[in-house]
Amino acid sequence: MTTMSPTPTRPYDLGFTRWVYQNIDGGDRMALCMQCGVCSGSCPLSTTMDNGPRKTFMMIRAGMKDAVLKSDTLWNCVSCYNCVVRCPRHVPVAYILHELATLAVREGYAPARTSETNKFVKGFTWSFETFGRTDERIISLFYYFQDGFVAGIKKLLAFKSIAFAFVKVGRLPLGLPHRIKNRGELKKMLAAAAAIEARHTAGRK
Amino acid sequence: MAQLNRYFPKLCHPTCGLEINFQRIRRNPKVKVFTLASVAAVTGERGDYTVTVRQAPRYVKANCTACGDCARATEMKVQNQFDYNLGKVSAAYLPHEMAFPMRYVIAPQVLGTPEAERIKAACKYDAVDLDEKESTFDLHVGAIVWATGWQPYDAARISPYRYAYLKDVITNVEMERLAAPNGPTQGKIVRPSDGVAPKKVALIQCAGSRDYNHLEYCSRICCLASMKHAAYMREQSAEATVDIYYIDIRAHDKLEAFYRKVVNDPHVRLIKSKPAEIKIGPDGGPVVCGENTITREIYAEPYDLVVLATGMQPAGVEGVSGAPVDAYGFIVPEDETQGIFSAGVASGPLDVSMSVQSATAAALKAIQAIR
Numbered sequence: 001m002t003t004m005s006p007t008p009t010r011p012y013d014l015g016f017t018r019w020v021y022q023n024i025d026g027g028d029r030m031a032l033c034m035q036c037g038v039c040s041g042s043c044p045l046s047t048t049m050d051n052g053p054r055k056t057f058m059m060i061r062a063g064m065k066d067a068v069l070k071s072d073t074l075w076n077c078v079s080c081y082n083c084v085v086r087c088p089r090h091v092p093v094a095y096i097l098h099e100l101a102t103l104a105v106r107e108g109y110a111p112a113r114t115s116e117t118n119k120f121v122k123g124f125t126w127s128f129e130t131f132g133r134t135d136e137r138i139i140s141l142f143y144y145f146q147d148g149f150v151a152g153i154k155k156l157l158a159f160k161s162i163a164f165a166f167v168k169v170g171r172l173p174l175g176l177p178h179r180i181k182n183r184g185e186l187k188k189m190l191a192a193a194a195a196i197e198a199r200h201t202a203g204r205k
Numbered sequence: 001m002a003q004l005n006r007y008f009p010k011l012c013h014p015t016c017g018l019e020i021n022f023q024r025i026r027r028n029p030k031v032k033v034f035t036l037a038s039v040a041a042v043t044g045e046r047g048d049y050t051v052t053v054r055q056a057p058r059y060v061k062a063n064c065t066a067c068g069d070c071a072r073a074t075e076m077k078v079q080n081q082f083d084y085n086l087g088k089v090s091a092a093y094l095p096h097e098m099a100f101p102m103r104y105v106i107a108p109q110v111l112g113t114p115e116a117e118r119i120k121a122a123c124k125y126d127a128v129d130l131d132e133k134e135s136t137f138d139l140h141v142g143a144i145v146w147a148t149g150w151q152p153y154d155a156a157r158i159s160p161y162r163y164a165y166l167k168d169v170i171t172n173v174e175m176e177r178l179a180a181p182n183g184p185t186q187g188k189i190v191r192p193s194d195g196v197a198p199k200k201v202a203l204i205q206c207a208g209s210r211d212y213n214h215l216e217y218c219s220r221i222c223c224l225a226s227m228k229h230a231a232y233m234r235e236q237s238a239e240a241t242v243d244i245y246y247i248d249i250r251a252h253d254k255l256e257a258f259y260r261k262v263v264n265d266p267h268v269r270l271i272k273s274k275p276a277e278i279k280i281g282p283d284g285g286p287v288v289c290g291e292n293t294i295t296r297e298i299y300a301e302p303y304d305l306v307v308l309a310t311g312m313q314p315a316g317v318e319g320v321s322g323a324p325v326d327a328y329g330f331i332v333p334e335d336e337t338q339g340i341f342s343a344g345v346a347s348g349p350l351d352v353s354m355s356v357q358s359a360t361a362a363a364l365k366a367i368q369a370i371r
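Here the protein sequences line up with chains C and Y, keeping their order. Just so you know, our numbering puts 54 at position 54 of the first sequence, and the rest follows in order with no gaps. Just so you know, our numbering puts 107 at position 107 of the second sequence, and the rest follows in order with no gaps.
Looking at chain C on its own, in the form it has when it is part of the complex (with noise of 0.2 Å):
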């Protein structure tokens, strides 16, 4: 987990354009891309995001690294694939925004640490490395409880009547969290898919 991306001399620098058509998966794709808007236009989010899919390949293609790694676009995709389906050029755009999520947090870009999705999702991992399954409930703490008690308990004031309203309608379960049987299986995969990525990003050029 060493291998950074090339630090940028300038604004502009293509050694970083060059690093992500080598190493993102699908970021070759990249190079097909004709600036048609069709994946931002077709983003239920695109109105949130400060440059969208597009532009963010625009930025890359110019080698605008510390612009590209700083934008909430990483953070606001919501992972519905529109765009993947959609993109006349087949590039795997969302895949193609997570792997530049991963490497934003990777070379500890500020956005990455204050971002809530990233928040979120620690929680997601934190619930299925425990337990084998995500559970709502567990999630919902961890992501609560990050940024200090006091602000845990605001906010779960906060959506105490929706969670109220959940438990009527039988959406959110009063019981123990399930857990999975051979837990000690699943860290096994765990550990092996980290070894994986561990060699796949040490043979990063």
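I should point out that these hints are in silico values taken from the structure, not numbers from a laboratory. Virtual Cβ for every residue (Gly too), placed ideally from N, Cα, C.
Computed footprint of chain C on chain Y, listed as stretches where at least three residues anywhere in the stretch have a Cβ under 8 Å from a Cβ of chain C:
hint: 1; segment: 271 to 285
hint: 2; segment: 291 to 300
Pulled from the structure, derived: some chain Y residues nowhere near chain C, Cβ distances all over 10 Å:
hint: 3; residue: C12
hint: 4; residue: H13
hint: 5; residue: D48
hint: 6; residue: N63
hint: 7; residue: Y84
hint: 8; residue: G87
hint: 9; residue: K88
hint: 10; residue: L94
hint: 11; residue: R103
hint: 12; residue: A197
hint: 13; residue: A238
hint: 14; residue: K254
hint: 15; residue: A363
hint: 16; residue: I367
hint: 17; residue: Q368
Add chain Y to chain C, keeping to what the hints say.
Just chain Y now, with coordinates in the frame of chain C:
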């Protein structure tokens, strides 16, 4: 070609070109024409090809005078394929006013009904033969030129554009029929939903073309065809506005002058964007949605009429054994010394003048191959 209203860039009518070429064919005793025919198989080699031809029945003999008594004799109507099913036509019909040969056709749906007998009885030349059957015959030839032409890409397959659900989303070929004086509306461009002349029109480029999900290639003609459609709209209405959504406008060399002329009109707006989808608006009309790639603005613009510039697909070669097709279905002979050639859109997307050039070239090559 006869289905087009006018050609770009000079906006001249296709009838004069057709007239000249039909006369040439008619006067040349060495040219034989088989209509309603399709090629089933091709075998053999240069100088000795056998082409198996399947000819569908016309149910009308050669002594038809195109008087039209049969059409008047029946009440039954069938979809008018010449107008891309925009209107209906009598079950005994002349395909179009420039039909070659100038003979009526009887729709197969009418057979076995009392209408068929009524049609037969109406013909005072006894030209109706309801017992005609499909025939298959072989032609022995030295060289072959494929000039099977094209068909528009099926717009219903571009599901985000809701062509199948929105009446006021039409294709560029349907626009040609609406604008044509011999079309379903006698040349008045109106909305299919309510028959009112549209005030705000969107033309969407690359509907299916340059898209790995549909046609992977650029169809070449659609940009200029849409310029022509903008010109039709502006000719018919002084207040109509036309928005052209494009990825990039491909107006090659001499065609650029026509493009400049059209876009200099203040009522014609170019918007650099491939629309992501067409939604159904609150009034049931089309709403074009996407991202303007110059301003990065997300738009949702309602229109009276949306025209999809659908691309060209090769026609009539699917399933023919022995046809040298490329990955897209165009006829591209790998080895031109073999005596098989292609002309016009059968060889790739071309406009009318380029098709004529390629046809002349193919004819010369074919003559040389069997000399």
